[in-house]
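Student: Residue strings, one per chain:
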Amino acid sequence: MNSLLTSAVAGLSAGGAYAILGVCAIFTYRLVAVVNFTGAAIGATGTFVMVALYESGVPLALAVPVGIVAGALAALAVGLVMATWFSGAAASTKAAVTAALLVGIIAVGLRLTGGQHPHNFPDLIPGSAFRLAGVEVTWAAVVTIAISVLFTFITEQFLARTQTGLELRALSQRPMAAELIGIRVKLLALSVWAVMGAVTAFALMVIAPQRAPDFMSLSLLVVPALAAALIGAFASFRAALAGGMAIGIIEGLASGLDTFSQYRGAIPFLVILAVLMWSQRGARFDEAR
Amino acid sequence: MKMLFTRPAALAAVTLGSCLLAGTAMAAPTCEDGAIQVGSVSTITGPVDFSDGPKGAKAVFDQINEAGGISGCKIEYTMADDKADPQVAAQAARDLIDNKNVVALAGGASLLDCAVNAATYKRNGVLSVQGVGVDPMCFNAPSVSPVNVGPYTLTTAMLDYADKELKDEKLCAFFIILGGTQEAYAAAVARWEKMSGKKIHLIDMTLPLQGDLTPYLIKARDNGCDAVLTNQVEPGVVQMINTADAQKIEGIDWLFLASGYTEGVAKALPNTKQPVYLGTEWEPYTEANEANGDWMKTMDKAGLPKTAFSQGGYLAAKVLADTIASIEGPVTRESVSAKLMEGKAMKYPIAGSEYVFGDAAKHAPMQATKVMKLNAGKWEPISKDWYVLPAAE
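Residue numbers (the working numbering), protein chains in the order written: chain P, -17 to 271; chain R, 59 to 451.
Since the hints were derived computationally from the structure, they do not count as laboratory data. Check the hints yourself; a few may be wrong.
[What the hints assert, rightly or not] So the derived label-pair ranges between C-beta atoms look like this:
1) P/Ala43 to R/Lys436: 26 to 34 Å
2) P/Phe140 to R/Pro105: 35 to 43 Å
3) P/Val48 to R/Gln149: 24 to 32 Å
4) P/Ala43 to R/Gln149: 51 to 59 Å
5) P/Leu114 to R/Glu348: 50 to 58 Å
6) R/Lys436 to P/Arg113: 28 to 36 Å
7) P/Ser261 to R/Lys257: 32 to 40 Å
8) R/Lys405 to P/Leu239: 31 to 39 Å
9) R/Lys306 to P/Leu94: 31 to 39 Å
10) P/Pro104 to R/Ile440: 28 to 36 Å
11) P/Gln139 to R/Lys257: 53 to 61 Å
12) R/Pro105 to P/Gln139: 42 to 50 Å
13) R/Glu348 to P/Ala111: 30 to 38 Å
14) R/Asn157 to P/Ala82: 19 to 27 Å
We treat Cβ as the ideally placed atom computed from N, Cα and C, and that holds for glycine.
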């Protein structure tokens, strides 16, 4: 049906955003073993630094790199907390710590950025790429999707083929053993955080003009992103990429259908539930037998 | 005790007595228990900061106190913070009523004060001249009468404006529904349908607070909407117009409520060609004109920024101060409530309607707005005249 296609395409730009953030979530989980709730908030920090510079007259060519560095620094700060005090903690503890940090970052961020007051987000990548089923697919959406694909590909290759990639895998699976065989654990972990921060900051700069331009809305993009990461079972970059896109498209479809659109916000949760049930089906089934 | 007066002393006593008598004849309020206690419950910390409302009210009372008070009675104003938390709001109201012993409330600007406390106010016989009423209960309770038009009346007004002035035929409305606002928005649309004898073309109550708006704008376009009204707050207005530009949508008039009326929104949309309209609560705060003159002077004197919320606090404080000034005898909760319940219409240049409290079961006295249009990063009034709705039933 044509109108369904239209709704699905309308969900593409959201899907691209979820995909890149989902891939970044897996990136941090696979490499430093942290389920990171602060991902989007870190990106939002970099984005708002860029906007603050832009609004005070700094040219974009300078504001964007500074914003990306700010995102990397914010990620480093979170990474430092995690690596210093919680490197040996259980996964659930680390997740809880990042969730707590998220609350703190949002509270501080909202105050510093003037709460709900909107900012003039420059279109880093303006214009629309093409028109599909009556919907303009923006360059911003295309670029976000491209970044997530590229990031997925590069990370996979990097982990599989380089010495550092190997060390990173060792670090995430047996941090103590990795340290004992002389891998510089903390340095590696911190660089993972910095890369994640820089990528999220840039991705959010591209996405932001099309979203509600306030700190909290951007930070809460982490919810669908974690749903996407869960689809990848926090292991597969490709599945998270596809999952993020799928959540965006399903949301688009849902808002096209009147009956479902009021439950649109619940879609990430439904997806999480479905994935959990599917992934645990073996265990449950075995037990029942 | 011997009553021995020297002549000059006796004369003085007589003069004093006659002055007192004259005072009573002039119907001045008196305050034997010290300063008159007034308060307000507002959302100051929490998800939003509406403190400009009560601060505007305080500026008015401070000015009155500096000039010697109302017939010598000083006003002590307490701003309570509800933190957008119902429990805190209820406690704040109890504190104002039981401990501070307020005679009335004025200038509050809150997300939930009316919803939580309207019944408490009624039970304690204390009335609230709300500065900025947001939740539906502000316009549906006997104990509250806001000085602002409010999102529901503005919904009706903007639909009517699009129909009559912009000549839009297919009117569409998209609402974000928070708390118990669905019925109030539905009633506002129904009121317009009844007034105009027309039907709304499309109504969607599922607009998300956060999330991508592309699907909704595509839906509006594909349904052929000529005008789209939403109750988006600041960031949402910017997002909506940016999305419309990204989708190259043309020929739709975008209508918003007063919640989008800030300089931040205008500055964030410097280049859009979309026709963006909204209705204000009072005289547009961005206009330095005569109607705003006294408010601007008061804010400058208090060193406060000039925002729409401070207009609400200012107006509510004026209403209450003028009400107290017209009381004969002691200023108590009973006498203030009785005076407000008399329902005398009060006219101020900053508002388009006369303010009335009265004894009705619900109050929405303000029924006039000024329509603003976005032009190159600035809000500009379309007309000098108020756009007035016929009184609500």
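Student: A separate judgement is required for each hint: does it hold in the structure or not?
Tutor: Okay, the hints, checked on the actual structure:
A beta carbon spacing of about 28 Å between P/Ala43 and R/Lys436 agrees with the range 26 to 34 Å that was offered as a hint. Evaluation of the 35 to 43 Å hint for P/Phe140 and R/Pro105 yields a pass: the beta carbon distance comes to about 41 Å. The given range of 24 to 32 Å is broken by P/Val48 and R/Gln149, whose C-beta atoms sit roughly 45 Å from each other. At roughly 53 Å, the beta carbons of P/Ala43 and R/Gln149 sit within the given window of 51 to 59 Å.
With their beta carbons about 54 Å apart, P/Leu114 and R/Glu348 fall inside the hinted range of 50 to 58 Å. Judged by the Cβ atoms, the range 28 to 36 Å given for R/Lys436 and P/Arg113 holds: they are separated by roughly 32 Å. At about 49 Å, the beta-carbon gap between P/Ser261 and R/Lys257 misses the expected band of 32 to 40 Å. Look at R/Lys405 against P/Leu239: about 50 Å separates their beta carbons, and that is not inside 31 to 39 Å.
Taking 31 to 39 Å as the suggested C-beta distance range, the pair R/Lys306 and P/Leu94 conforms, at roughly 35 Å. Between P/Pro104 and R/Ile440 the C-beta distance comes to about 29 Å, which sits within the given range of 28 to 36 Å. For P/Gln139 and R/Lys257, the Cβ-Cβ distance of about 59 Å falls inside the hinted range of 53 to 61 Å, so the restraint holds. For R/Pro105 and P/Gln139, the hinted distance range of 42 to 50 Å is satisfied, since their beta carbons lie about 44 Å from each other.
Between R/Glu348 and P/Ala111 the C-beta distance comes to about 52 Å, which lies outside the given range of 30 to 38 Å. For R/Asn157 and P/Ala82, the Cβ-Cβ distance of about 36 Å falls outside the hinted range of 19 to 27 Å, so the restraint is violated.
Hint violations for this structure: numbers 3, 7, 8, 13 and 14, all remaining hints satisfied.
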